[in-house]
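Going down the list, the sequences are from chains A and B.
Heads up: the first sequence at position 513 corresponds to 513 in UniProt numbering, and the numbers run straight through without jumps.
Heads up: the second sequence at position 154 corresponds to 154 in UniProt numbering, and the numbers run straight through without jumps.
FYI, nobody ran anything at the bench for these hints, they're computed from the structure.
Owing to the predicted nature of the structure, the values given are computational and were not obtained by experimental measurement.
Heads up, some of the hints might be wrong.
[As the list claims (entries may be wrong)] The calculated lysine-lysine pairs, modelled on DSS-like cross-linking and capped at a C-alpha distance of 27 Å, are: (1) A/K237 with A/K277; (2) A/K541 with A/K211; (3) B/K72 with B/K102; (4) A/K277 with B/K72; (5) A/K483 with A/K81; (6) B/K342 with A/K321; (7) A/K237 with B/K497; (8) B/K342 with B/K280; (9) A/K293 with A/K321; (10) A/K435 with A/K421; (11) B/K463 with B/K102; (12) B/K497 with A/K293.
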Amino acid sequence: MTEASLSKTPNPQLLPGCCGLGCPPLWASVLTAPTMAALRLLSVWTLLLTVTVCDGWLFDGFAARRHSESDEVALWPLPQKFQTSVDAFRLSSASFQIVHAKESTAGPSCSLLQNAFRRYYSYIFGNGRKHGKNLENVFDADLAELQVQITSADPECDGYPSLKSDESYQLEVNQPTAVLKAASVWGALRGLETFSQLVYEDDYGGQNINKTSISDFPRFAHRGILLDSSRHYLPLKVILANLEAMAMNKFNVFHWHIVDDQSFPFQSRTFPDLSHKGAYHPYTHVYTPADVKMVIEFARMRGIRVLAEFDSPGHTFSWGKGQTGLLTPCFSGSSPSGTFGPVNPILNSTYDFMTRFFKEVSTVFPDAYIHLGGDEVDFSCWKSNPDIQKFMDQQGFGQDYRKLESYYIQRLLDIVSTTNKGYMVWQEVFDNGVKLKGDTVVEVWMNNNVDKELQNVTGSGFTAILSAPWYLDYISYGQDWKKYYTVEPLNFEGTAEQKKLVIGGEACLWGEYVDATNLTPRLWPRASAVGERLWSDENVKDVGSAYDRLVKHRCRMVRRGIPAEPLYIGFCPHEYSGN
Amino acid sequence: MPQQMSQSTDRYPINPQLLAFSYARDSAAQSGCSVLDAAFERYFNLIFPDFVGGTGLSNIWSEPKPFTVSVKVKNGECDGFPDEGSNESYNLSVSAGQAVLKAESVWGALRGLESFSQLVYQDDYNLYFVNKTEIEDFPRFQFRGLLLDTSRHYLPMPAILKTLDAMAYSKFNVFHWHIVDDPSFPYQSRNYPDLSSKGAFHPMTHIYTQSDVKRVIYHARLRGIRVVPEFDSPGHTQSWGKGQPDLLTSCYKGKVPSGTFGPVNPTLSSTYQFLNGLFKEVTSVFPDSYLHLGGDEVDFTCWRSNPNVQAFMAKMGFGSDYTKLESYYMENIVNITAALNKTSIVWQDVFDYRERIPMDTVLEIWKGVPADYRAELGRITLAGYRVLLSAPWYINHISYGQDWRNAYTVQPQNFSGTEQQKKLVIGGEVCMWGEYVDATNLTPRLWPRASAAAERLWSDEEKTSSVDKAFPRLEDFRCTLIRRGIQAEPLFVGHCKHEYSGL
Chain A
1 MTEASLSKTP
11 NPQLLPGCCG
21 LGCPPLWASV
31 LTAPTMAALR
41 LLSVWTLLLT
51 VTVCDGWLFD
61 GFAARRHSES
71 DEVALWPLPQ
81 KFQTSVDAFR
91 LSSASFQIVH
101 AKESTAGPSC
111 SLLQNAFRRY
121 YSYIFGNGRK
131 HGKNLENVFD
141 ADLAELQVQI
151 TSADPECDGY
161 PSLKSDESYQ
171 LEVNQPTAVL
181 KAASVWGALR
191 GLETFSQLVY
201 EDDYGGQNIN
211 KTSISDFPRF
221 AHRGILLDSS
231 RHYLPLKVIL
241 ANLEAMAMNK
251 FNVFHWHIVD
261 DQSFPFQSRT
271 FPDLSHKGAY
281 HPYTHVYTPA
291 DVKMVIEFAR
301 MRGIRVLAEF
311 DSPGHTFSWG
321 KGQTGLLTPC
331 FSGSSPSGTF
341 GPVNPILNST
351 YDFMTRFFKE
361 VSTVFPDAYI
371 HLGGDEVDFS
381 CWKSNPDIQK
391 FMDQQGFGQD
401 YRKLESYYIQ
411 RLLDIVSTTN
421 KGYMVWQEVF
431 DNGVKLKGDT
441 VVEVWMNNNV
451 DKELQNVTGS
461 GFTAILSAPW
471 YLDYISYGQD
481 WKKYYTVEPL
491 NFEGTAEQKK
501 LVIGGEACLW
511 GEYVDATNLT
521 PRLWPRASAV
531 GERLWSDENV
541 KDVGSAYDRL
551 VKHRCRMVRR
561 GIPAEPLYIG
571 FCPHEYSGN
Chain B
1 MPQQMSQSTD
11 RYPINPQLLA
21 FSYARDSAAQ
31 SGCSVLDAAF
41 ERYFNLIFPD
51 FVGGTGLSNI
61 WSEPKPFTVS
71 VKVKNGECDG
81 FPDEGSNESY
91 NLSVSAGQAV
101 LKAESVWGAL
111 RGLESFSQLV
121 YQDDYNLYFV
131 NKTEIEDFPR
141 FQFRGLLLDT
151 SRHYLPMPAI
161 LKTLDAMAYS
171 KFNVFHWHIV
181 DDPSFPYQSR
191 NYPDLSSKGA
201 FHPMTHIYTQ
211 SDVKRVIYHA
221 RLRGIRVVPE
231 FDSPGHTQSW
241 GKGQPDLLTS
251 CYKGKVPSGT
261 FGPVNPTLSS
271 TYQFLNGLFK
281 EVTSVFPDSY
291 LHLGGDEVDF
301 TCWRSNPNVQ
311 AFMAKMGFGS
321 DYTKLESYYM
331 ENIVNITAAL
341 NKTSIVWQDV
351 FDYRERIPMD
361 TVLEIWKGVP
371 ADYRAELGRI
381 TLAGYRVLLS
391 APWYINHISY
401 GQDWRNAYTV
411 QPQNFSGTEQ
421 QKKLVIGGEV
431 CMWGEYVDAT
441 NLTPRLWPRA
451 SAAAERLWSD
461 EEKTSSVDKA
471 FPRLEDFRCT
481 LIRRGIQAEP
491 LFVGHCKHEY
501 SGL
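Bound conformation, chain B alone:
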């Protein structure tokens, strides 16, 4: 729901034949602006799902009045990538025969076009109308992310691209790509091809080539979505070890190696050389200014068993406190990332170990019940770090009934702290971990449940405090998603005018 919106019952017909998108004369972006040109084409089809090139019944009967959507953008950014500083605000004014959309940047214009497309409706005779409307809108949080996990199950490209489409419909702006993990390494590296040829589920069919990755970034950019990759380490790296010998710590059973491997070996300089090389590549492939470094759930038992690690601990004066070793490792890779001019995101574990990390590092909270994550929000922001909240939005956890209500009622800034601290909450993420999810069930599991979180991250909290008021809007929205080809599951009994026709 937009921040400010007023509507009247005055409605204006829109004839698909006579709808035109145009750039205002004083707009910084003009015809040829890749982002908006593509968006005009896209939204025309989204607004008129049954338009069949001029012979549709609706055209014959609808009034022959032209309707113009005029877009004015202050700063171009047509060829840029959305990033943390992007301005997504826009104003939309719909009156007789025209809609005027004004935005600072193309990214705001994209949000405005989405809102406009949601304002247009069909009456019982399938004629299109839009009501007189004034909208002034901007996001509550700058970082509104969705995490997909392509390691526990490989997600084919169409599944990822479709998710990006649906993200734009809910005004998400960050695709957090948890691209590798223990089970598989599908990212095909230019410099370290063995990582995927040995670490993916299959070296040919279950990988993301460089051109696949480019395509994802390109598709996302056109929708105002950032792509933040995560290369989680030192834990969650079993699959890395297959293609990069000596990267992982060799676990010992008594005095001999047991043949199994633990987290990344933090004691070797070769480890940091490799990571420097990998991150150098990754940061050149992914244009976003953020890189997610993981850092969660490190199991120390393997480190403890290894005599070389023990010797290193003694040399460094860490005693038997393995969190210090983990800190040492994370500091190193955060510094590598900083040297590449990127901002690191890490999971909350890194903060909990009291590591010395740069102040511009972003912490992501993933653990615990509300009381826990509230306390953590307080602690992290008190220390002056920016923070992302994902703990209440692990929507891979399914249950019977309308659990979207839980996602909706989260209050990300409801913790004890100063105004200054609350500002450090830069947003949140919906996480769809992949243990039980692949292309067969991803989409209905994501939508419209993720849309509930999306409204929490975009809209004003007070204006959207009622779950019951959200219910009918979300029901309508899920039918809109279906109409747009996204197989969003139902909230409860009922029907959509146009049901999902796939399988």
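The shape of chain A in the complex, shown without the other chains:
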């Protein structure tokens, strides 16, 4: 009766003779964009190194203790350049500190870093650990502190992360201090996460870290998670917990699909009726301005942008409840049927509303981009409406309703442009030939002809992000994370210039079947697979070694309070203890 016959899922193959961090595919990632020849040369070198590291004599004589537990360490996503040895240092919960380096341009007034220091200290030692109880002397082999050094003149402590933020960092773990260098706080945050992942617990409950050298940067600048708070309302707690999990996986964009047909939980100051009448409940199922602020600040502290989406002209059924006259009345024969379709694109009042609404939105959300949606517009209602038909005639659109859609989007884009924001749109907007500003980001979501679409979008000079292969709401039995992991975003035919225009991707968890009850385990660690694809070198693609690291990474998330579901049979030393 059991699954063995049904799911002969092979246990992921271990590479023979491969000891944890010394695995060849991992070492291959030491290279950055290597030529083939160099790669071959280096792979010989890496193999050698792998063996020697496993045997443990390469770095012999460096420091006091050696540890066989380097396989306890599982970095996720894997850094770009990376070297470690078996020499281990201990971290004392009583004396270990994360501090600003003397040379750093950031200091104790940088609350973003101060908060991060505290957060990562408790990730490393657990929350409950008492200070000062450990009366042991500091041993030679102890790591006394981690110094964080911000090198730019402006550390951006009080800024917001952006598409152009520099997230690179260098980390040197050596005795007696480890040094983390980054141009800005954004890179420091990523480096702190990596540092915390390097620390492992020995059999006596002590915290250890191996001598390590890392130089890291993201492969793609836009690494997003989409959550949908319209199909189901997501309590703030769930959103914040997932921002926390995003930071653990080095995601940097929270794409907040905040409203849609089903409900309008965003509480607008300018148009309070939108949520008052359009939310599932006007008080319990809304995001107040304070809530939104909290999400944005919580995300900022973790180097995550909040990209709000206000999708129109379709997917707006809930808007109509609080804004009469906004939606197109559908007709049944010659009389209105009482139902409504997409936003009414022929009325000036529509554009007046949008002007005022997006003016507010652009001040509420600090990010340089707004997502304007533009997907899946159903033309049947527009077709039924005589006023629209008349307008179509006037404009000379004939029967091509895509032209009407483009007309609407065009005007909307012009409105948003006046707020000095860039915009993101779903691929249909591009497909329908709407004139777009040069800095528009086109999100490719349709899972047929992805390569062709990427080719077209980038061929036209627009930047693109990819979400088509990563619709995580589509669940299936078994280890579907492998499918997400093995996607190569730049596999389409195009010039190097074109490939540079693909700036990243997003894992989307649409909300039809998801709410607070099942969101977190459904998202993690499946989204982690996408996280590594978007951060690590393209050569990091061995599913077997990824499995080993991801198993440990998910246990780490569980330990940090995120109910990330299991990949397969097994256990975590500290199981999720629930709520």
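Place chain B on chain A using the hints.
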């Protein structure tokens, strides 16, 4: 949905301050009845989730009329355990100021209290009401089980206890505890402590101690739920071998042992001595009259490779038919179980091998598409055995969309056979195998999908033939589950008045 139910629009207010549960004067169970005393306390809190000890707003405004739930039980059974013969029928009559609940046993009373709790609702001002109602109810099937697998992933105690709570809300009455399997052996045996100290994922943190097991049985009993443990053998026993040397068959590569192990070694008398000892313990720990012996998916390759097994085959005259060896083994352990006065449940494989097993053995069907399991239902019942159906309810198999509809539309007695045969279908089980499930995702994966199967096993088939009619009821029910702290996932877009507030 109850078997018979009539309701009117007459509604009666219920004031939390003035609601009382009481035993009818002529009830066999009276105050001090552990099962019902605990149930009264439990259901008070379930009925009034926002009751805060007298200062709640709802109390001020609701009418100061008392409401009494009077319970009459014919036979006590207050200190007993639910079992196969338990009578779960009840009658519930709600009228002005009172509800009268009559049941044969406390187990029926528990089902009736659950129904009553589901009848009470809050209006827009948060006042509580119940409508005039008459219910006559009994289960369609006596065995309504849910399987959890604590071997592929260890499930911490709170996850198991919470599942038992939710089972009671859906009127499940059997917790099938697939407690051990290949990956780990978390059951801490009194007589064979090495089984868990060497076979569990971790000897201290990933085990069920004797007191844990007692607690599960106790928690289940108070909810009218039987606990049927499964000790699956001879296959699915890799973890047993770690703490019990020589139990498993040593596999050979050519003429030498390869160092790997196969199923339990059926040729040694030490094997049966051990199993006799283990089952003796297990049957004393678990009070239920059933013991699940597994018997599924035995891989014969290791047996074939072993020269001692080959010699035994020759001696027994089995030729090269290894199903006979498996039969020999299963017969032995079924007999051990029978000698301990327990009824065996085994997976269908045991029947398929045409083994000679006692007629009171229960077969559980787990394989195949509807055509297959229907044919198997016909064959097994024709042979006169009782049968459980779980094949269509492997809800660990997830897919996108509303797959609860598939679980709902199963027809367990829709196979060709006589009335007599159909009666041999004693129920079914929802199975949540553990390959991809642990405490992080168990609850939303189980509920409300398992509730769909629960209605199929309890309610009248004709009255619940429409999936679309079930949809809004199940939507409401899942919000009820959330209100009771069970993180049941949504069926589709929408919302609950009180959303789940955990993580």
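Evaluation of the provided hints:
A C-alpha spacing of about 24 Å is found between A/K237 and A/K277, which places the hinted pair at or below 27 Å, so the restraint holds. As the CA atoms of A/K541 and A/K211 are separated by approximately 25 Å, the hinted pair is consistent with the 27 Å bound. Distance check on the hinted pair: B/K72 and B/K102 sit about 5 Å apart at the alpha-carbon level, within 27 Å; holds. Using a Cα cut-off of 27 Å, the hinted pair A/K277 and B/K72 is violated, with the two alpha carbons roughly 49 Å apart.
Between the alpha carbons of A/K483 and A/K81 the distance comes to roughly 25 Å, so the proposed pair stays at or under 27 Å and holds. Restraint check for B/K342 and A/K321: the C-alpha separation of about 64 Å exceeds 27 Å, so the hint is violated. For the suggested pair A/K237 and B/K497, the alpha carbons sit about 17 Å apart, so the restraint of at most 27 Å is met. In summary, the hint linking B/K342 to B/K280 is supported, as the alpha carbons are separated by about 10 Å, within the 27 Å threshold.
The suggested pairing of A/K293 with A/K321 holds, with an alpha-carbon distance near 25 Å, which does not exceed 27 Å. At most 27 Å may separate the alpha-carbon atoms for a hinted pair to count; A/K435 and A/K421 meet this at roughly 16 Å. Proximity of B/K463 to B/K102 is assessed by CA-CA distance (about 23 Å); at most 27 Å being required, the pair is judged to hold. Taken as a hint, the B/K497 and A/K293 pair is honoured in the structure, with Cα atoms around 25 Å apart against an allowance of 27 Å.
Checked against the numbered hints given earlier, this structure breaks hints 4, 6; the rest are met.
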